[in-house]
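Mind docking chain B on chain A? Use the hints.
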Amino acid sequence: MAIFIDKKTKLVVQGITGRDGSFHAAQMKKYGTNVVAGVTPGKGGTKVSGIPVFNTMQAAVDKTKANTSIIYVPPAFAADSIYEAVDAGIKTIICITEGVPANDMMKVYHYIKHRNVRLIGPNCPGLISPELSKVGIIPGKICKKGNVGVVSRSGTLTYEVIFALTQAGMGQSTCIGIGGDQVIGTNFIDTLEAFENDRSTKGIVMIGEIGGSDEEDAAAYIKKKVTKPVVGFIAGRTAPPGKRMGHAGAIISGSSGLAADKVAALNKVGIPVATSPLEIPVLMTEKFSKKKTTKTTAKKTTTRKVAGKKSPKKAAAKRTTKAKKK
Amino acid sequence: MKIHEYQAKEIFAASGIPVPPGRVATEVQDAVAIAEEIDRPVMVKAQVHVGGRGKAGGVKYAENIESAKIWAQRILGMDIKGLTVKKILVTEAVDITSETYLGIILDRVTKMPVIMISAAGGIDIEEVAAKTPEKIHKLAVDPRVGLRPYQARALAYNVFRDIKLVRQVTDIIVKLYDIFWKIDASLVEINPLITTPINQVIAIDAKINIDDNGLFRQKEIEAMRDLDAENSSEVDAREAGLSFIKLDGNIGCIVNGAGLAMATMDLVKHYGGDPANFLDIGGSSNPDKVLTAMRIILGDPNVKAILINIFGGITRCDDVATGIVSAFKELHPEVPVVTRLTGTNEAAGRRILKEVKLPSAPTLDAVVQKAISMAGLEEE
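Chains A and B, in that order, give the protein sequences.
When we follow my numbering, the leftmost residue of the first sequence carries the number 1, and every step to the right adds one.
When we follow my numbering, the leftmost residue of the second sequence carries the number 1001, and every step to the right adds one.
Any given hint could be a false lead.
Output of the computed footprint for chain B on chain A, the stretches with three or more beta carbons under 8 Å from beta carbons of chain B [what the hints assert, rightly or not]:
hint: 1; stretch: 42-54
hint: 2; stretch: 81-91
hint: 3; stretch: 109-121
hint: 4; stretch: 153-165
hint: 5; stretch: 271-280
Think of the hints as simulated: they come from the structure by calculation, not from any bench.
Every residue gets a Cβ at the ideal spot worked out from N, C-alpha and C, and that includes glycine.
Pulled out of the complex, with its shape left as it was, chain B reads as follows:
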């Protein structure tokens, strides 16, 4: 799960990591009021869950109240990579003498949190990592012992010389590591962490991603979820316990299991179609899940055919078939639906499906090809 910059900064501030004063606004007049309160030049920053906000024109400097108002008007409602900006952060613009990158990620190779610090801050860190990896200093922390202060200090010394700065940065690294553990983050990032002309160290940006598997014990973080910033069908799917991702194609896919769902999508593409979504109904075979899955996919006007691919293990084909039949009775789909049910209770599943007379296919490849050809017929 992703949270916004302003939310990440609230977490930073609560932990004692210095951030510039500012607040979030959804209306222009609120933005103006915040700028008046700050009473200094401000930054107006779009709050959307995509990278490259600055390049897209979603981050602007405002010298005075007037220009803050103009930028607030322009940025609110702006489209950044398909997402509408509904919130802006109005925050004090601070004077910058240096920019540092500081981040902690879960490293899959070492199975440890890895802290990264680089003097090449303020720009895309992936680019730095690809072109000049030597500019990034890394430390893998033994998760059983935790971060020792000396380790944080050594990291800070990689970038700073002045002991006053080193102390501040060390303190920030220690606090950032605590945050990483406390909130089950998979990524915490400050890019850039800046120094000011009077030698203060401040986090002027903040990014936090949460491990979805940790959310069950992170109620406060879960409450930060911005449903407005997500695709509405993805929100509906999550609430129904489905794993769903909206794509741009025209073949709707309902599959059990994430790997099989991906493989099914890949085959759709391979045989000349385009998947409309990723959808995993999960291990349990609750017929209601199938109904919800059908409803969500039918809500996508691009969908020209739906393919249902079930390999029953824990999932029982008869349960899935019951769900399909009730979906037909309730939703009356106008696009062709092609099924392939195999595995646990497949004979019972096929019997149930007879009621709605759906085209079916024996194998994964066959069902994909059939769905694509039926989608084509529909267009003619």
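The shape of chain A in the complex, shown without the other chains:
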């Protein structure tokens, strides 16, 4: 078991003849993903790494019964490619393309909303269920099959975390990058829900960053619905306000989207937040051992007590030292 992709995944690569599309189609095939078709208008009838290319998505789906697509087309055509995939009956769409205009994505988002389609991205590295399937660009070599689910708004930072987990002997069920843009198809909550329902996932790592309030919303959701242990990481504690930190969505606007608020929201519901990716497997091990020794309900109260006691005391201590200095 895994989330969103598995052995039943039959993949079409949209933009398969492009530089990135052709390279990654071959990589995914090599990993064992069932890549059944590619689409590039005008290149129908050719092959890329032995994968048949079609002119339209409809033709590709009709011929191969594909159920999943991945998009590597330039930003100007990305929204159109998503519509084409949806209209051809694809139910899981992963959009790797970076730089898709937010206005295009707002329309796409509402178009797919009631069509029972899962869109991941855009501006994401895709996902990998180690040893089962890889749809995207996450290097297979750094992953290891196991029971930790990883969800992230980032790309290479996700690799760093996966690698740290693998090095620590902690394998992964599915690793997913949901994308760094302001308007994305699948958010933390959707993914947390899937991990919670996935029997092969025993613990969850959530990697957030500055901008928006998805991490805060996820924290509230975890408190209500997630029983599996969660460890967090938030990038951008040193990011200045008002500047876009690479990702279109990574911007502190006014007083919203701050890293400190996200860390606080996660801590408040008993989720430890690592300061370094290397610390993540350590915190996860602690969470796992706590879960073994204590029952869920008892565990929750202790964590909350500790968190509640510690911070005000520390803050009070800080205040006194400051006052003394004055």
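Coordinates of chain B only, in the frame set by chain A:
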């Protein structure tokens, strides 16, 4: 991308949103000429990309030509939050009977454009939102259908009673929404939208931010970019396809990927250093990008050490290493450079780096600590 108030007002005027007459000036005598043309009291307004211009003394009322000249002299060249004022807008000062806030933003939660209107105009809207959110009326617009006139009218009725005013404001809301879509804006804002004693509705301020992802199809807007108003190293970086933000610290950072770049900066801070910049060399591993990145960072006199952290995926460590070696040959850096290359082609990358004998570290934490300690040694 941000554009100036005067540029936003040009866009408003072209779309039929009423703005007071005025023009931009870079010299005092031009400002005086504009004030003479207007022949009424004017406002002299600094054109810089920061909020709080008024509080900083960058927006002044001038009763007559003489005082317009004095304010133009004072404001041109003034420093507002680290930015030098190089342009001023000289515009007619209009009589105000009421001030309204009107804005449209991309709302990340609903994934829709949200129109906001409030009678508490003229002041910082974030403050209003934080303290008295009930004073802001909001409407999320289904982007597939677009804004219906009745919706704009209902928004206007939240703030105005007089049908003559409601009609004018409705028209402005409809036009503002069109602008938002047409130019790929992420924010359009009029604060304040004012009414005059003779019941005219006029936008006396204008703010527009553009979604950078939409710029490829917004050539006219892209041409409005004011390179003078941006940090020169940030301009160079953008032209080289790098994502770069200048900060005040002393540890230069070169990283692939935005999230990892932020995490690296955070760790620099965590281990007692201070990041000099945010820099993402992006997904492709063109060695030239690394060279440009090194050049930009070495141009910052505050930098005491540079750390290069690469987690190869699409980015290949050997390409990055080639870039580092050519940067060394061309730029002869005098500050220590510490590297950590892992992932795709890392062995090849390390082999290439042997040529310049750089200190390296195996993990993210280690490279950060090493860079900080080497920066310290340099100072002694």
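We went through each hint and held it up to the structure:
1. 42-54: Coverage by chain B is violated for the stretch 42-54 of chain A (0 residues, Cβ < 8 Å).
2. 81-91: Violated: only 0 residues of the stretch 81-91 of chain A have a Cβ under 8 Å from chain B.
3. 109-121: Since three or more residues must qualify, the claim that chain B covers the stretch 109-121 of chain A holds, with 3 doing so at under 8 Å.
4. 153-165: holds (count 9)
5. 271-280: holds (count 4)
In this structure, the earlier hints numbered 1, 2 are contradicted, and the remaining ones agree with it.
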